[in-house]
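As you go down the protein sequences, you meet chains A and B in turn. For the record, in the first sequence the residue sitting at position 331 is 330 according to numbering that gives the first Met the number 0, with numbers rising by one throughout. For the record, in the second sequence the residue sitting at position 96 is 95 according to numbering that gives the first Met the number 0, with numbers rising by one throughout.
If you're looking for bench data, these hints aren't it; they were derived computationally from the structure. Treat the hints with care, since some could be wrong.
Not everything, but these chain B residues come out facing chain A in the computed CB check (under 10 Å) [to be verified]: (1) Asp-209; (2) Asn-226; (3) Asp-233.
Each residue gets a CB set at the ideal place from its N, CA and C atoms; glycine is no exception.
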Amino acid sequence: MSRTTGSQSSLREANRTLVIETVKEFGGLTQVELIDATGLSAATVSTIVKELTSSGVVDTQPTSRSGRRAQMVTLSPQTGLVAGVHVARRQIRVLLGDFSYTTLASTSLPVPFDQPADTGLDRIALLLAEMIDGVGRSTSDLLAVGIACPAPVDATGMVSVRGLMPGWEDEQIGELVAKRLGCAVHVDNDANLGALAEVTLGASREVADSLWLTVSDGVGAGLVLGRRVHRGFAGAAGEIGHVQVDPTGSICRCGNRGCLETVVGAEALLAPLRPLHPHLTLRDLVDRAVHGDAGCRRVIADAAATIGRVVGSVCQMVNPPMVVVGGPLAESGEVFLEPLRAALAQHTIRHLLGPVEVVPSRLGSTAEVTGALVLAVQRTDVTHRSET
Amino acid sequence: MTDTPMHAGTTALHDLGPAPVADDARTPVLSVLGVSKRFGAVEALVECSLDLYAGEVVALVGDNAAGKSTLAKVIAGVLQPDAGYLEIDGQPVSLPGPGAARQHGIAAVFQDLGVCDNLDVTANVFLGQERTHRGLLDQGGMERVSREVLSMIGANVPSLRTPVGRLSGGQRQGVAIARTMLGEPRVVVLDEPMASLGVVQTAEVLTHLDRLRSLGMAVLVIGHNLNDLRAVADRIEVLRHGRNNGSFDGPTSRNDEIIGAITGAWRQ
Numbered sequence: 000m001s002r003t004t005g006s007q008s009s010l011r012e013a014n015r016t017l018v019i020e021t022v023k024e025f026g027g028l029t030q031v032e033l034i035d036a037t038g039l040s041a042a043t044v045s046t047i048v049k050e051l052t053s054s055g056v057v058d059t060q061p062t063s064r065s066g067r068r069a070q071m072v073t074l075s076p077q078t079g080l081v082a083g084v085h086v087a088r089r090q091i092r093v094l095l096g097d098f099s100y101t102t103l104a105s106t107s108l109p110v111p112f113d114q115p116a117d118t119g120l121d122r123i124a125l126l127l128a129e130m131i132d133g134v135g136r137s138t139s140d141l142l143a144v145g146i147a148c149p150a151p152v153d154a155t156g157m158v159s160v161r162g163l164m165p166g167w168e169d170e171q172i173g174e175l176v177a178k179r180l181g182c183a184v185h186v187d188n189d190a191n192l193g194a195l196a197e198v199t200l201g202a203s204r205e206v207a208d209s210l211w212l213t214v215s216d217g218v219g220a221g222l223v224l225g226r227r228v229h230r231g232f233a234g235a236a237g238e239i240g241h242v243q244v245d246p247t248g249s250i251c252r253c254g255n256r257g258c259l260e261t262v263v264g265a266e267a268l269l270a271p272l273r274p275l276h277p278h279l280t281l282r283d284l285v286d287r288a289v290h291g292d293a294g295c296r297r298v299i300a301d302a303a304a305t306i307g308r309v310v311g312s313v314c315q316m317v318n319p320p321m322v323v324v325g326g327p328l329a330e331s332g333e334v335f336l337e338p339l340r341a342a343l344a345q346h347t348i349r350h351l352l353g354p355v356e357v358v359p360s361r362l363g364s365t366a367e368v369t370g371a372l373v374l375a376v377q378r379t380d381v382t383h384r385s386e387t
Numbered sequence: 000m001t002d003t004p005m006h007a008g009t010t011a012l013h014d015l016g017p018a019p020v021a022d023d024a025r026t027p028v029l030s031v032l033g034v035s036k037r038f039g040a041v042e043a044l045v046e047c048s049l050d051l052y053a054g055e056v057v058a059l060v061g062d063n064a065a066g067k068s069t070l071a072k073v074i075a076g077v078l079q080p081d082a083g084y085l086e087i088d089g090q091p092v093s094l095p096g097p098g099a100a101r102q103h104g105i106a107a108v109f110q111d112l113g114v115c116d117n118l119d120v121t122a123n124v125f126l127g128q129e130r131t132h133r134g135l136l137d138q139g140g141m142e143r144v145s146r147e148v149l150s151m152i153g154a155n156v157p158s159l160r161t162p163v164g165r166l167s168g169g170q171r172q173g174v175a176i177a178r179t180m181l182g183e184p185r186v187v188v189l190d191e192p193m194a195s196l197g198v199v200q201t202a203e204v205l206t207h208l209d210r211l212r213s214l215g216m217a218v219l220v221i222g223h224n225l226n227d228l229r230a231v232a233d234r235i236e237v238l239r240h241g242r243n244n245g246s247f248d249g250p251t252s253r254n255d256e257i258i259g260a261i262t263g264a265w266r267q
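Generate coordinates for the entire structure from the input sequences, incorporating the hints supplied.
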């Protein structure tokens, strides 16, 4: 945030913006935390919060911090509706909420593997319209939508890598949904948005640098540096699923050989279990592992060790204090996390401050869709809207 | 996802844990073998065959009057075949009525659902099989079991005391499926569960189907929308003019192949 020097009024304006951006960045925080995070004086923060409350930009609610009364500051729920959409390979998840990050409705629609873009986009628009109707609001209240895609997305919102999202790659996904719903639509990669959700509202909120790791149909990561998601030049940063782990391995859908995903993607994990369980899904695998099935536990532990080698290299390069793990495999808890920790310890240098902390996602299966909603909130200019 | 054991009064319902490995062994839970059914001049089914395995969702598709509902009714014991027979676990059985089918662990939910709009959720789940405790209705026990079976299939209802007439189409479908769970079925047949539902409700029903598979049941679902069916089906069976006209793998098959088989552009 650049601070302008100059007149009193431009200083006040800059401070106002700083407060709003900080509230957006942390989702919601107490007035005391706001003083810390912005570096402004208590009096300034108090004045600005009062001003913003009366103009309807933010909302304050009494809460408590370490047993003391405090004022929780969020963006105002009256601003309007906002939605997050996660287009995963086997489901579309939609989350409808307001600007204070209160969830109003959520739905998850199973979809076939190769769902064509036209059907998918129609479904997204219909789901949102029905959900908005279900909470007794109108689509004109919807101000912004964020969409999480299972492929890297460039700065213009186009899928930037071929082979990962067949049938959707040439579509202006953002524009097409915007046309159907009549609001702003922002598109980003799902791993980046999972990382954004955890740093804004989840497990990595307290640390500046962290790595988000998700193990689902594929493997992905999102890198957070100084509380900002590092997207990279084509939006492909953190695509660890396409790091080579087996030079003689199978050809990956991305076109390279022996990618991590070919070894620990859903299909690769389930294949050795097929003779015993022909219709096993990733979720069944995790269920069985949690209930003590030795074979399923072994598959997950081996996957964690392989993933740990790649994540270890990333941790060696970036040295984050925390790795947040999401996706269905993380729901098996220590079955996955324990061997991952062991692999990270083996593949990173030991330093005196202790090993990298490996924690499960706080948002769980809703991390990506929550990140999409956070993206929509953060990209919306709430000040001008409330003044009009 | 929970590992809470389920106890319904003195009758234990399904253990929520994963189905035992033996369930996946390759003997079909239910086989339909060369079944024919005729209504006057109409040949509704002609030497029709179908295998259902535990932990598998099979979608049965076909044009109008292809015999889908007739086959469902034969499996549910509502209609008796003119020729051919059914096997359960490899043993021939005859199903002279719906009660016999239920005793063999076959549950069916038909298009009209058979729910009573004026009764609440619990009363509908236990309709016709109410539990009593010392001569009185065991309301508390029935509510507990209702809550358990609804959560088992992933159904959300606002309150168990809501009259079913006030629920959405997807929620009503959930109540109808929950009711079948009381009989601890191994085969669940659903006739057009997504007909005339919105997308949000379709999402709910598809989630129920997925949940039934995870509980280790063999699920047969009849429908029209290939996109929805292929979202959850492991296998797609096509009927055309009462005859089998193709079997497709859910995840890898393409819509156009299946449509070809439905319309007759492609013949087995």
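Results of checking the hints against the structure:
1. Asp-209: 6 Å, holds
2. Asn-226: 6 Å, holds
3. Asp-233: Holds, because the Cβ-Cβ distance from B:Asp-233 to chain A comes to roughly 5 Å (cut-off 10 Å).
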